[in-house]
Amino acid sequence: MNRSLSATGKYGGYLLVLLLLLTAGPSLAVNLAAVERTWTPPDGGAAIRMWGFVEDPGSCTALPNSWLPGPIQQGVVNGTLSITLRNCLSEPVSLIIPGLETNLTPQTFVDAGGRTRVRAFTHEVPADNGTTVVTYSWNNLRAGTYLYQSGSHPAKQVPMGLYGAVTVGRDTAAANDVVLLFSEIDPALHGAAEAANAKNYKPKYYLINGQSALPGSAPPVVAGGRNQKTLQLRFLNAGLMTHVPTIQGPYMTLIAEDGYPYPYPRQQYSVLLPAGKTIDALWSPDVQASFALYDRRLSMTTNGTPGGGMLVSLNVAKKFPWILYVPPIIHGGIVVP
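First residue of the sequence shown: 7, per our numbering; consecutive thereafter.
It should be emphasised that the hints constitute simulated quantities derived from the structure, not laboratory data. Careful: at least some of the hints might be erroneous.
[Unchecked claim] Computed spacing ranges between beta-carbons, pair by pair:
| id | residue 1 | residue 2 | range |
| --- | --- | --- | --- |
| 1 | 50 | 181 | 31 to 41 Å |
| 2 | 313 | 46 | 37 to 47 Å |
| 3 | 293 | 205 | 38 to 48 Å |
[Said to hold, decoys possible] In the SDA-like style, the derived pairs of lysine to any residue whose C-alpha atoms are separated by at most 25 Å in a straight line are:
| id | residue 1 | residue 2 |
| --- | --- | --- |
| 4 | 205 | 273 |
| 5 | 162 | 37 |
| 6 | 208 | 273 |
| 7 | 283 | 129 |
| 8 | 162 | 196 |
| 9 | 208 | 283 |
| 10 | 235 | 222 |
| 11 | 283 | 303 |
| 12 | 210 | 46 |
| 13 | 283 | 295 |
| 14 | 205 | 37 |
| 15 | 210 | 37 |
| 16 | 283 | 273 |
| 17 | 283 | 96 |
| 18 | 208 | 88 |
| 19 | 162 | 227 |
| 20 | 283 | 125 |
Glycine is no exception: its CB is placed at the ideal position from the N, C-alpha and C atoms.
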């Protein structure tokens with residue numbers, strides 16, 4: 007991985023946090039539901055059973071069918087994020103956001119050997135066909151990028167699709183930002199979710215923002231913009247495998263990891279993104295072109311066919327402002343004073 011350290015950015019991360027703290031805004035209240043949906047592979051394969059978070063319709067009837075990652079939640083620095091969750095699945099579910107502090111109440115069970123074991127990181131929403139709703143809250147939000155995900159049996163429920171992105175604040179140097187959420191699908195795990203485990207995890211599909219590029223076709227466009235303007239790239243990995251996002255073009259400046267700013271920003275053309283990791287980077291294209299962003303570890307297959315998978319385009323025009331083409335997964339929350 008080629009990189010260099012920016013001596014002039016020694017205090018940049020700390021200045022960013024200070025500026026964002028001075029611009030704290032209102033809190034956000036969101037209603038979500040955990041539901042069963044399906045994802046249709048781009049190669050025409052059979053629809054795959056998924057679990058996912060959606061905007062809460064108020065009951066477990068008339069739910070949407072097509073799966074995408076959970077709605078993006080846009081929090082505010084020093085504010086509060088409250089998510090009220092309804093459970094339409096066949097087993098208990100909970101919500102956690104690694105990297106953001108809150109009070110957790112782990113749930114345990116006694117196994118066949120008489121041992122007390124942890125089932126969930128915090129209190130759960132029971133599997134009662136959506137009758138019960140539970141609220142999860144995080145206060146004093148810190149600037150950065152985070153994953154929200156199920157805290158119940160995460161080795162199974164997270165790969166099943168129970169995850170989404172949280173963004174808090176934006177770097178003052180960025181004209182806009184874009185979420186790049188990496189994940190995988192192993193059809194064998196999804197076919198028998200209740201009894202499944204990840205011991206023999208072997209994904210066949212590799213996704214960015216819930217989409218897998220189709221071999222032989224133009225890759226999905228995730229952002230378009232103009233040269234000489236800075237875009238904040240928010241990388242998240244909701245999968246179980248490590249990925250290495252790489253841009254075939256100008257270097258990125260890595261500024262934060264898991265919501266914590268680097269004391270020395272790093273200039274790199276690729277990012278090491280282990281499971282559960284988030285990275286914030288600034289990218290300033292200097293020419294009008296289409297730039298490929300892909301996984302350097304070559305998770306670029308679609309059910310074994312090369313040329314697809316984790317591959318998207320960043321299109322840069324000459325005169326137009328940033329226009330984001332992220333799939334429609336922005337939150338439907340209510341901003342409260």
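Hints, verified against the model:
Between residue 50 and residue 181 the C-beta distance comes to about 38 Å, which sits within the given range of 31 to 41 Å. Separated by about 19 Å at the C-beta atoms, residue 313 and residue 46 break the suggested range of 37 to 47 Å. Separation of residue 293 from residue 205 is about 47 Å and conforms to the stated range, judged on CB atoms against 38 to 48 Å. Annotation: proposed proximity of residue 205 to residue 273 is violated, straight-line Cα distance about 36 Å (limit 25 Å).
At roughly 23 Å between alpha-carbon atoms, residue 162 and residue 37 fall within 25 Å of each other, so this suggested pair holds. As the CA atoms of residue 208 and residue 273 are separated by approximately 33 Å, the hinted pair breaks the 25 Å bound. Between residue 283 and residue 129 the CA atoms are separated by roughly 24 Å; this keeps the pair inside 25 Å, and the hint holds. This hinted pair checks out: residue 162 and residue 196 have alpha carbons roughly 9 Å apart, not beyond 25 Å.
Distance restraint check for residue 208 and residue 283: the Cα-Cα separation of roughly 20 Å lies within the 25 Å cut-off, and the hinted pair is therefore satisfied. With a C-alpha separation of about 31 Å, the suggested pairing of residue 235 with residue 222 is violated against the 25 Å cut-off. Proposed proximity of residue 283 and residue 303 is supported: the alpha carbons are some 16 Å apart, at most 25 Å. Distance hint between residue 210 and residue 46 is fulfilled; the C-alpha atoms sit about 13 Å from each other, no more than 25 Å.
Only pairs whose Cα atoms come within 25 Å are accepted, and residue 283 paired with residue 295 is rejected, the gap being roughly 29 Å. A C-alpha spacing of about 33 Å is found between residue 205 and residue 37, which places the hinted pair above 25 Å, so the restraint is violated. With a CA separation close to 32 Å, the supplied pair residue 210 and residue 37 exceeds the 25 Å bound. Among the hinted pairs, residue 283 with residue 273 is consistent with the structure: their alpha-carbon atoms are about 18 Å apart, no more than 25 Å.
Under the criterion of a C-alpha separation no larger than 25 Å, the hint pairing residue 283 with residue 96 is inconsistent with the structure, at around 28 Å. Restraint check: the Cα-Cα separation between residue 208 and residue 88 comes to about 35 Å, which exceeds 25 Å; the hinted pair is violated. Restraint check for residue 162 and residue 227: not satisfied, since their Cα atoms lie roughly 30 Å apart, outside the 25 Å limit. Between residue 283 and residue 125 the CA atoms are separated by roughly 22 Å; this keeps the pair inside 25 Å, and the hint holds.
Of the numbered hints stated above, those contradicted by the structure are hints 2, 4, 6, 10, 13, 14, 15, 17, 18 and 19, listed in ascending order.
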